[in-house]
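S.K.: So the protein lines, in turn, are chains Y and L. For the first sequence, our numbering gives the first residue as 1, with consecutive numbering after it. For the second sequence, our numbering gives the first residue as 1, with consecutive numbering after it.
Take the hints with a grain of salt, since some may be wrong.
Copies of the same chain look alike in the list, so a pair counts if it works inside one copy or between any two.
Said to hold, decoys possible - The list that follows gives simulated cross-link-like pairs (lysine to aspartate or glutamate, DMTMM-like), each with its CA atoms no further than 25 Å apart:
#, residue 1, residue 2
1, 51, 281
2, 230, 268
3, 245, 55
4, 238, 220
5, 238, 108
6, 238, 316
7, 238, 127
8, 60, 176
9, 245, 220
10, 230, 311
11, 238, 128
Derived by calculation from the structure, the hints in this document are not laboratory data. Fair warning: this is a prediction, and the values are worked out from it, not measured in the lab.
2 protein chains.
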Amino acid sequence: MKQSPLRLHLTRWAAFAVLWIATVAPAHAQTDPLPSWNDGSTKQAIVAFVKATTDKASAKYVEPEARIATFDQDGTTWVEQPMYGEAMFAFDQLALELDKHPRLRYIEPFKTVMSGDQAAIARLTNEDLLKIAAAITHSGMTVPQFQQSVRDWLASARHPRFQRPYTDLVYQPMLEAMQYLRANGFKTYIVTGGGQDFVREYAQRAYGVPPEQVVGSAADTAFGYDKNGKAVLTKTHKTLYIDDKAGKPLAIHLMIGARPLIAFGNSDGDREMLEYTEAGDGPHLMVLVHHDDAAREYAYGPASKVGTFSDALQAEARQRGWTIISMKNDWNRIFSWE
Amino acid sequence: MKQSPLRLHLTRWAAFAVLWIATVAPAHAQTDPLPSWNDGSTKQAIVAFVKATTDKASAKYVEPEARIATFDQDGTTWVEQPMYGEAMFAFDQLALELDKHPRLRYIEPFKTVMSGDQAAIARLTNEDLLKIAAAITHSGMTVPQFQQSVRDWLASARHPRFQRPYTDLVYQPMLEAMQYLRANGFKTYIVTGGGQDFVREYAQRAYGVPPEQVVGSAADTAFGYDKNGKAVLTKTHKTLYIDDKAGKPLAIHLMIGARPLIAFGNSDGDREMLEYTEAGDGPHLMVLVHHDDAAREYAYGPASKVGTFSDALQAEARQRGWTIISMKNDWNRIFSWE
Chain Y
1 MKQSPLRLHL TRWAAFAVLW IATVAPAHAQ TDPLPSWNDG STKQAIVAFV
51 KATTDKASAK YVEPEARIAT FDQDGTTWVE QPMYGEAMFA FDQLALELDK
101 HPRLRYIEPF KTVMSGDQAA IARLTNEDLL KIAAAITHSG MTVPQFQQSV
151 RDWLASARHP RFQRPYTDLV YQPMLEAMQY LRANGFKTYI VTGGGQDFVR
201 EYAQRAYGVP PEQVVGSAAD TAFGYDKNGK AVLTKTHKTL YIDDKAGKPL
251 AIHLMIGARP LIAFGNSDGD REMLEYTEAG DGPHLMVLVH HDDAAREYAY
301 GPASKVGTFS DALQAEARQR GWTIISMKND WNRIFSWE
Chain L
1 MKQSPLRLHL TRWAAFAVLW IATVAPAHAQ TDPLPSWNDG STKQAIVAFV
51 KATTDKASAK YVEPEARIAT FDQDGTTWVE QPMYGEAMFA FDQLALELDK
101 HPRLRYIEPF KTVMSGDQAA IARLTNEDLL KIAAAITHSG MTVPQFQQSV
151 RDWLASARHP RFQRPYTDLV YQPMLEAMQY LRANGFKTYI VTGGGQDFVR
201 EYAQRAYGVP PEQVVGSAAD TAFGYDKNGK AVLTKTHKTL YIDDKAGKPL
251 AIHLMIGARP LIAFGNSDGD REMLEYTEAG DGPHLMVLVH HDDAAREYAY
301 GPASKVGTFS DALQAEARQR GWTIISMKND WNRIFSWE
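Using the sequences and the accompanying hints, generate a full structural model.
M.R.: Next comes the structure, spelled out in structure tokens:
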């Protein structure tokens, strides 16, 4: 088709308009991607890392397909005190289950849980808690039944201190960090000691993270058929792996098949994930959340059984130059509803 | 900014240009997305399914995040005769290993493999082959060492009949189906009985499938430190799960956390994956490749130990209305280099 000069002019104008929409407009719309973070070395470390790994002119540039970010969950992206959210869920489910199967009251660790003996309950190990979470309260259920039980619980349960649904207890600064990373081509994975099927029920809504990017502790499932002959998976007692400590690199390799560039944690359970991230050939950033804000959230560290941040981890982090977030000083807002 | 009528007109024109570029231009560029498929009911079933699940006006419309497609690998997306590619790799690796560890020659199934007794080798079970693949030849290696060994093998190994690298033996029609599905917002997963770490080394290049979308049989890894104190994963003997038969729905749930809408397989090992797909609430399509083309590839079925397509599966497929691909009749080209 022959084009008149005016038409040519319009076409050129249209091309500029397209360019404008594609490049200038988003830049104009850009504001501080981390508004809940105070200016300082912590925020600066994250921003500088993202800029360096996404700027093609940078020596640290990383192709988009290798931009992997991993986030521990409990104590890193949401509140884990006074007890992991999933443990709260498990206790609530346990009470329902014991009505159906009273004999469990005589088996450990359920015997202790139901004894009401707070000192004994406080001595339960993480292994005990994971047993409660992964095994009894979830096994024998079909996967859809389990998923429904999580949704029911999320809709009704309230955190004892904040009196809000657990999914309200997501840290706003970490949400911003996840969004900022995704806007820069990173895939953001949750890598949690918590149950994978549990976290997947709310990760999309709470974090913008789809099910396949939730990596958690996993139990085996059994394949079978329902009464209509339809294929169904049932949850079993058998643990496939516990996604905590040395289990985190294992699960990252299994589920992602690539090493993170940037990893966020908050406790001794995240040490190996951060070491594994640091051992990558390319650029990497290791970040730990330190809970030092009793007024707005909680203050805990080496003495806490939930989310232990030991002196040894503190020393390793300082020696290796890992970034430590002070919730008190680095975050001007903890929750979105503040 | 106050706009002159001409400026307003130009802006409108620009908006149309943007719309044109976004919608009309790609439609003009669109040609047959499945050129290696002959017209017929098989091709029609796939195209109709994709159209129905991606057209917002359709009753079968599915949101992009739920568009999951799973593909078995051996015999479904690449050649599996006369023996699985990974078994070939394992045998080659085994020969290298036995030079280093001669005592293995006295342990089954290695004793049989190295005996040269073709009849005894032919009687090795899939379990034996997986043992060879997943355990001995890979264990004790760090993950990067293993990955390098796969890359070395892929670069040098040749298929005994086609005398080409194994990654040349990908079925062109299946590549087109994967690309067509991705172009329509589907995530395309490989779900294979083969070793996950093995397939991940070439899946991006051969199929356009990134590591995290390769779901395969998996062995445990051990976390440790190299001589420089850097975190490293080592492959172990311990199987986490075998991604075959009932293991496929398990692995799909573990790795994806959602049910496929469309699943492709070719053998009894894929039955449960197809049943699981069929049991989904929404629309679904189950497809099996039938190897009936001895001239261009291989013809085999119930009697074959590799890629068994039993009469029972055939009967189930017909009864349930699953789509069966005849390689001979439905594919006008098998390999890209034909």
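S.K.: All hints, please: hold or fail.
M.R.: So, going through the hints one by one against the coordinates:
Taking identical chains as interchangeable, the C-alpha atoms of residue 51 and residue 281 lie at most 25 Å apart only when both belong to the same chain, with a minimum of 18 Å there against 44 Å between chains. With identical chains, the CA atoms of residue 230 and residue 268 are at most 25 Å apart between copies only, with a shortest distance of 18 Å across copies and 43 Å within one. In this assembly of identical chains, the alpha carbons of residue 245 and residue 55 never lie at most 25 Å apart, being 33 Å within a copy and 45 Å across copies at closest. Taking CA atoms no more than 25 Å apart as the test, residue 238 paired with residue 220 passes in both settings, with 5 Å inside one copy and 15 Å between copies.
Taking the closest pair of Cα atoms, residue 238 and residue 108 come within 25 Å of each other only inside a single copy of the chain (17 Å); across copies the shortest separation is 28 Å, beyond that limit. In the homo-oligomer, the alpha carbons of residue 238 and residue 316 never lie at most 25 Å apart, since the shortest distance is 34 Å inside one protomer and 31 Å across protomers. In this assembly of identical chains, residue 238 and residue 127 lie within 25 Å of each other by CA distance both inside one copy and across copies; the values are 13 Å within and 21 Å between. With identical chains, the CA atoms of residue 60 and residue 176 are at most 25 Å apart within one copy only, with a shortest distance of 23 Å there and 35 Å across copies.
Taking the closest pair of Cα atoms, residue 245 and residue 220 come within 25 Å of each other both inside a single copy (20 Å) and across two copies (15 Å). For the identical chains of this complex, residue 230 and residue 311 are inter-copy neighbours only, at 21 Å across copies versus 53 Å inside a copy, given an alpha-carbon limit of 25 Å. Taking the shortest alpha-carbon separations for residue 238 and residue 128, both the intra-copy value of 14 Å and the inter-copy value of 24 Å come in at or below 25 Å.
Hint check: violations occur at hints 3 and 6; the rest are consistent with the structure.
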